[in-house]
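Using the sequences plus the hints, can you model the full thing?
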Amino acid sequence: EVQLVESGGGLVQPGGSLRLSCAASGFTFNIHWMSWARQAPGKGLEWVANIKPDGSEEYYLDSVKGRFTISRDNAKNSFYLQMNSLRVEDTAMYYCARDVGDNSGWYGFDPWGQGTLVTVSS
Amino acid sequence: DIQMTQSPSSVSASVGDRVTITCRASRGISTWLGWYQQKPGKAPKLLIYTASSLQSGVPSRFSGSGSGTDFTLTISSLQPEDFATYYCQQAFNFPFTFGQGTRLEIK
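Heads up: the protein sequence lines correspond to chains A and B, in order.
Anchor point for the first sequence: position 61 equals 82 in the numbering used here, and the numbering is continuous, going up by one each time.
Anchor point for the second sequence: position 13 equals 223 in the numbering used here, and the numbering is continuous, going up by one each time.
Calculated from the structure, these hints are not laboratory results.
Where a beta carbon is used, it is the ideal one built from N, C-alpha and C, also for glycine.
Mixed in with the good hints there might be a few duds.
[Said to hold, decoys possible] In the DSS-like style, the derived pairs of lysine-lysine whose C-alpha atoms are separated by at most 25 Å in a straight line are: (1) A:Lys86 <-> A:Lys64; (2) B:Lys255 <-> B:Lys317; (3) A:Lys86 <-> A:Lys73; (4) A:Lys64 <-> B:Lys317; (5) B:Lys317 <-> A:Lys73; (6) B:Lys317 <-> B:Lys249; (7) A:Lys64 <-> B:Lys249; (8) B:Lys255 <-> A:Lys64; (9) B:Lys252 <-> B:Lys317; (10) B:Lys252 <-> A:Lys64; (11) A:Lys97 <-> A:Lys73.
[As the list claims (entries may be wrong)] Partner residues aside, some chain A positions facing chain B, computed with beta carbon under 8 Å: (12) Phe48; (13) Asp94; (14) Gly136.
[To be verified] Computed footprint of chain A on chain B, listed as stretches where at least three residues anywhere in the stretch have a Cβ under 8 Å from a Cβ of chain A: (15) 217-223; (16) 235-249; (17) 253-260; (18) 307-314.
Next comes the structure, spelled out in structure tokens:
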């Protein structure tokens, strides 16, 4: 069974840092782009970042550039989101997801993990 | 960034009804569009990719169409388990962006 499991969420003060992890199983991890997305309480979905299979390319939402860093460890079938200089507006459920597509482009995200909640508050 | 606008924001319907949700992109995205279903407290689920391709395991009552800037998701005969929020998402370029969601409620 293809599965993604997030961990690392919690309560952090504004300006603080948090590192999210996503453990993958049930598929060949090192051939897939992987993404983080988020959903603020009661709001819609927002893509945050993704990373190439070999880790050589990364893309970010403008509002997190310079503050968040995505990385991966293919030996551990895991990828991560290091979040620094956190703001109240970063409060959200954070989901990890597998990018799906082919050489011509991206199709979307499938599956998604169950999410880990990040709350930024003083 | 490409803006995605869904309509309506919410819709009430009955079991057995046919429902159509629309999604408009602020500029052309060819057919690089996906549709997701999200139930309360759960992660989103990919239903449709490249505008009209049905993801494996998704019932055939779901269908998608469109290209360029205008897209639709149709549920041909609503089932009780279909009441949820639906999102479109463009995969044409970064940053990938989602519509604001359409909440499908029981009438």
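Hint by hint, here is what the structure shows:
no.	hint	result
1	A:Lys86 <-> A:Lys64	21 Å, holds
2	B:Lys255 <-> B:Lys317	23 Å, holds
3	A:Lys86 <-> A:Lys73	17 Å, holds
4	A:Lys64 <-> B:Lys317	23 Å, holds
5	B:Lys317 <-> A:Lys73	44 Å, violated
6	B:Lys317 <-> B:Lys249	17 Å, holds
7	A:Lys64 <-> B:Lys249	13 Å, holds
8	B:Lys255 <-> A:Lys64	17 Å, holds
9	B:Lys252 <-> B:Lys317	22 Å, holds
10	B:Lys252 <-> A:Lys64	14 Å, holds
11	A:Lys97 <-> A:Lys73	16 Å, holds
12	Phe48	13 Å, violated
13	Asp94	23 Å, violated
14	Gly136	6 Å, holds
15	217-223	violated (count 0)
16	235-249	holds (count 4)
17	253-260	holds (count 6)
18	307-314	holds (count 5)
Checked against the numbered hints given earlier, the structure breaks hints 5, 12, 13, 15 and satisfies all the rest.
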